[in-house]
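Chemist: One-letter residues, chain by chain:
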Amino acid sequence: MNIHEYQAKELLKRYHIPVPEYIVIRHLEELKELNLDEAVVKIQVHAGGRGKAGGVKFAKSLKEIKEVTRRLLGMKMCNNQTGPQGVIANAVILSKPVDIDKEYYLAAIIDRAKKQMILIASTEGGMDIEEVAEKHPEKILTLPISLPGKLRMYQIVAFNKFMGFKGDVAKQAAKIIQNLVKAFYELDASILEINPLVLTPSQQLVALDAKFGIDDNALFRHPLIAEMRDPSQYSSAENAAFENDLSYVSLEGNIGCMVNGAGLAMATMDIIQHEGGKPANFLDVGGSATKERIAFGFEMILSDPQVKGILVNIFGGIVSCKMIAEGIIHVVKERKIKIPIVVRLEGTHVKEGEQLLEDCGLEIIAAVDLLDAAKKIVAQVQEVI
Amino acid sequence: MAVLIGKNTKIITQGITGKAGAFHTQECIAYGSKFIAGVTPGKGGESLSNLPVFDTVHEIVREMEVDASMIFVPPPYAADAILEAIDAKIGLIVCITEGIPVKDMLEVQSALRLSNSRLIGPNCPGIITPGECKIGIMPGYIHKKGHVGIVSRSGTLTYEAVHQTSQLNLGQSTCIGIGGDPINGTNFIDAIKLFEKDPNTHSILMIGEIGGSQEEEAGRYIREHVTKPVAAFIAGATAPEGKRMGHAGAIVSNGSGKAQDKIRVLKECGVCVAKTPAEMGHALVEAIKKFKGK
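Quick mapping for you: the protein sequence lines, in order, are chains D and F. Here the first sequence is numbered in our numbering, starting from 1070 and rising by one per residue. Here the second sequence is numbered in our numbering, starting from 4 and rising by one per residue.
Be a bit skeptical, because a hint or two may be false.
[Unchecked claim] For lysine-lysine, the following DSS-like pairs were computed, each having C-alpha atoms within a straight-line distance of at most 30 Å: (1) D:K1183 with D:K1101; (2) F:K147 with D:K1183; (3) F:K278 with D:K1420; (4) F:K270 with D:K1347; (5) F:K22 with D:K1183; (6) F:K246 with F:K270; (7) D:K1121 with F:K200; (8) F:K148 with D:K1251; (9) D:K1444 with F:K270; (10) D:K1183 with F:K261; (11) F:K200 with D:K1145; (12) F:K196 with D:K1444; (13) F:K231 with D:K1184; (14) D:K1444 with F:K92; (15) F:K148 with D:K1183; (16) F:K246 with D:K1082; (17) F:K246 with D:K1184; (18) F:K295 with D:K1420; (19) D:K1101 with D:K1171; (20) F:K92 with D:K1184; (21) F:K148 with D:K1391; (22) F:K22 with D:K1391; (23) D:K1184 with D:K1165; (24) F:K200 with D:K1184; (25) F:K293 with D:K1184; (26) D:K1184 with F:K261; (27) D:K1235 with D:K1280; (28) F:K147 with D:K1420; (29) F:K92 with D:K1219; (30) D:K1347 with F:K261; (31) F:K148 with D:K1347; (32) F:K246 with D:K1280.
[What the hints assert, rightly or not] Which chain F residues stay away from chain D? Per the calculated CB distances, all over 10 Å, these: (33) G21; (34) P44; (35) D58; (36) V64; (37) R65; (38) K147; (39) L171; (40) A253.
Note that these hints are calculated values from the structure, not bench results. A virtual CB, placed ideally from N, CA and C, is assigned to each residue, including glycine.
Here chain D stands alone, though its shape is the one from the complex (with noise of 0.2 Å):
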């Protein structure tokens, strides 16, 4: 799950990161008692590329704040992070502009391959970090950081010589790493990320922009973090499934999905294209997919407005195809559902499944294996539209 900048730099003054100080706007009444005579005013949505989008502004007098702010609050931000239907700006935030003398790149991840928390440090901040990593490796420090949530004084004495810090700067940085990642510890962080790091004039080191994202399996111990989700970033099928503990992601074509088990339902999306289709949806029902859940899924799906047809993919393993048959067939009765509906059932109690769609007299078309599957729906549809 991922927050807003805002309340990522709320959990870093927490630990005594410097942030520069911020006001949060959520309605245009807040900017009445505002006194600023300079700000700078940035969107809050959950992608990044705000200042390439035009989400991020300078504004040099408090009516030029006030223009701004009003041009950004609710702003409908698109690029390739947020899909094609983009994110809403609810918020904004104005903070006063800070004098940069160099800018630098600070971040916690988990790195799968090697197993363990790394900490990420170049001396080419506010770029993105991918790039400078494809350019210029040798402006990039990895170092691994131990359990629970801790850096060994050799690497910040290492840290500190590669970013070019010393004196008063160099005890500054010190503690801010260390900081840095005990709170991505103690915090069951998946990224906590700080770009850039600005060197002030005035040798001050200030956190200007802040990323966090918490492992959503540890959201249970955070509930703090958890009161942060945003649910105007997510589709309303997105927080449906989340309400409902189900894993369901939109997209932009218009065959509904709906399988049991993650990578199957990522197969059954990627054999929907291969025919020629456009999948409307990644949705997971699980393993032991209930009546419940199936009639849920359908609701899920058909929120979609562009959902012309659905594909149902059950390989039961634990749960019965005759269950699930039954579970299709009184959605699709008391739904009334019109458009085409292809079932391709497989496993346990399959023979009784099949025979009870066959049996029950609607339009429900079923297919043998996965790939008549896939050909049957992709035929359908294009037949509609």
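Fit chain F to the given chain D structure using the hints.
Modeler: Coordinates of chain F only, in the frame set by chain D:
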């Protein structure tokens, strides 16, 4: 015996009195697996399916010899259960639990490094040697004794692969579900090493997905060290970047972990990659043919 487990493997269940733990222990026993006891803290002295229940793993290993443990403990306590099994020197630990925090797994990793235990999972269907032993939640009846070693990050997609290889009459030596989490105990290379050494495994089918770089590393390992035909399928070519696709580990982040990159590397390393999930079995047949032609 194929790899890791066979008819004489003596197994315990941690979390045996929970709904899932009890149900799947019974299913495994019905398949023919040899379960000898179970653990649920606070329920020591009770019994389930004629198996004695203990409060701790240590109490069991003091009384009987244990080869493997199957873990069905809820996510907040699952890492603790794995650590307990490692501490009790259980050789093979199979953790089915989905939803263990990554931080807990980092601790498990450091304990594993100092031990002789092998962890399979977490967030996996388990492991099965058809006709001999099943430790996990997979439907036993779709498997067929044979010579394909299957290793996979996904559950139901593995069933699909098993089904296809069974229908092609190839059968399976052992199927290992390594799980969908970003940090897991046994990875592709570990499983492939076991299959390479096993005389009963004649070919290997690996099923990967987006996220991380395990598949690429496995490809490079196969090119250098594997003498058996290998086929693969990678799920998630159509998954959007930055979105987690069900599994905690299935995410393309900052351009890394893409299916296309994995497929390219695997092909470069001589692995036959199935174009669609419907062709996993055929890709393997292709790999075997190509291999025989050499």
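Chemist: None of the hints should be skipped; say for each whether it holds.
Modeler: Status of each hint after checking the structure:
no.	hint	result
1	D:K1183 with D:K1101	52 Å, violated
2	F:K147 with D:K1183	36 Å, violated
3	F:K278 with D:K1420	29 Å, holds
4	F:K270 with D:K1347	26 Å, holds
5	F:K22 with D:K1183	35 Å, violated
6	F:K246 with F:K270	26 Å, holds
7	D:K1121 with F:K200	54 Å, violated
8	F:K148 with D:K1251	50 Å, violated
9	D:K1444 with F:K270	26 Å, holds
10	D:K1183 with F:K261	19 Å, holds
11	F:K200 with D:K1145	57 Å, violated
12	F:K196 with D:K1444	38 Å, violated
13	F:K231 with D:K1184	28 Å, holds
14	D:K1444 with F:K92	51 Å, violated
15	F:K148 with D:K1183	35 Å, violated
16	F:K246 with D:K1082	28 Å, holds
17	F:K246 with D:K1184	21 Å, holds
18	F:K295 with D:K1420	38 Å, violated
19	D:K1101 with D:K1171	35 Å, violated
20	F:K92 with D:K1184	22 Å, holds
21	F:K148 with D:K1391	27 Å, holds
22	F:K22 with D:K1391	22 Å, holds
23	D:K1184 with D:K1165	40 Å, violated
24	F:K200 with D:K1184	26 Å, holds
25	F:K293 with D:K1184	36 Å, violated
26	D:K1184 with F:K261	19 Å, holds
27	D:K1235 with D:K1280	27 Å, holds
28	F:K147 with D:K1420	20 Å, holds
29	F:K92 with D:K1219	29 Å, holds
30	D:K1347 with F:K261	19 Å, holds
31	F:K148 with D:K1347	38 Å, violated
32	F:K246 with D:K1280	16 Å, holds
33	G21	14 Å, holds
34	P44	20 Å, holds
35	D58	25 Å, holds
36	V64	27 Å, holds
37	R65	30 Å, holds
38	K147	15 Å, holds
39	L171	13 Å, holds
40	A253	6 Å, violated
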